[in-house]
Amino acid sequence: MKMNSNNIEEKSGNRITRRLAIFGGMCFVGLTCSVPAMALGSDIAFRRWIADFKKTALNAGITSATFNLAFKGVDSPDPEVLKKAAYQPEFTDPTWNYFDNRVQDNAIALGRAHGKKWAKWLNAIEKRFGVDPNILLAIWSIESDFGEAMDRDTAMRDAIRSLATLGYGDKRRAKYAQTQLIAALKILQSGDIDRAHLQGSWAGALGHTQFIPTSYLIYAVDMDGDGKRDIWTSVPDALATAANLLKKNGWQEGRGWGYEVILPENGKFPPGSLTLAEWAKMGVKRADGKPFAYPSDKATLKLPDGRKGPVFLVTKNFFVIKRYNSADRYALAVGLLSDRIAGRPGLVKDWNRPFTPLTIQERQELQTRLTKLGYYHGNIDGKNGEITKKAIQAFQSRNGLPTDGNPSRELLTILRSR
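For the sequence shown, the positions run 1 to 418 when our numbering is used.
Worth flagging that the hints you see were computed from the coordinates, not collected in a lab.
Misleading hints may appear alongside valid ones.
Unchecked claim - Derived EDC-like pairs: lysine to aspartate or glutamate, alpha-carbon spacing no greater than 16 Å straight-line:
id	residue 1	residue 2
1	Lys171	Asp194
2	Lys247	Glu126
3	Lys285	Glu265
4	Lys72	Asp194
5	Lys302	Glu260
The whole structure should be built from the sequences, with the hints applied where relevant.
Here's what the structure looks like:
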């Protein structure tokens, strides 16, 4: 439903995620200068495209005044958007890295803090929509770092310019972008947000909970009662909008999303869903040793990291979360993070990783030490993204170590000795 930047990121090597680098007017390392040169040389053609698109917008019910307001000052493509649309990351997140970057101590602590801060609204949203507040907090964390991404120039772009850039300059996304651009114009015309605050990701995902414009038009909610459905500056509106999407797509109130389970040795299991009672008869047990709640509920087996990693039985609400983002990993991250925010223990079985893991605080220390040595030039956030991986590989290569790029305890021990 929400084909936002996270969807695009994950499907091309996320993420989605989840994430961004400044491009400006300089060449990105490993790319040529062809993208910005094309952008700068195509201003006339871009303005001609906008003029032609105005006819489409007017036919869709957009007034000339709204269109002119939206495109005032938009006279060239956004080179950052074109770069992100064209650039395919060289490294794909292994399973352990995807979850380490999302289900981690800082996100858990912030989720609990925001749960207390917004308890009044979360309770009201749960009463109205029946959605677990911890699920909403997890979505908020993964989508925008609890709104922190809203203040990052590297993360937020002018939504009108971004979508127009994609509609004009990206053949693969042109249809998507033009549809979303019409929807964005309708949002502006409704008065829910003013022109200056109509910001989003490079792919046009909007607000705290990153809704593409068409999804906003379907699900947006004015929870705080100020007469506007404002997912950019109103946390209650943003969380209620996410809850409304989940409810309208079949969220089962009072039910969880699934369970970590232990499989019997050498067991063979059928594809598709069975009742939890049927899975139990086949020897599948909850990893925490507790009985399955609601044994008549249907569940599907998921092995995101093979049999050597954590294994899950997922229920209806897992697939409802996937209506927000269609990737299994995304839905699992939301479920696992929501459990930790709620105070439940972490995984019984760790991800299948080839090294001893670090806490997020230790990963921040690793980034700090790499920065002091001149290898790392990104944010000290403890997340193992592409910039961190390349910095680790550079250090490893210079020091005669295997260049795996992993943020391991073994590597941190070496860095502490420098």
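Against the structure, the hints come out as follows:
1. Lys171 <-> Asp194: Given that 16 Å is the threshold and the Cα spacing comes to 29 Å, the pair is violated.
2. Lys247 <-> Glu126: It holds: about 10 Å lies between the C-alpha atoms, which stays within 16 Å.
3. Lys285 <-> Glu265: Holds: Lys285 and Glu265 sit about 12 Å apart, inside 16 Å.
4. Lys72 <-> Asp194: OK: Lys72 and Asp194 at ~13 Å, within 16 Å.
5. Lys302 <-> Glu260: 10 Å, holds
The structure does not agree with numbered hint 1 stated previously, though it agrees with all others.
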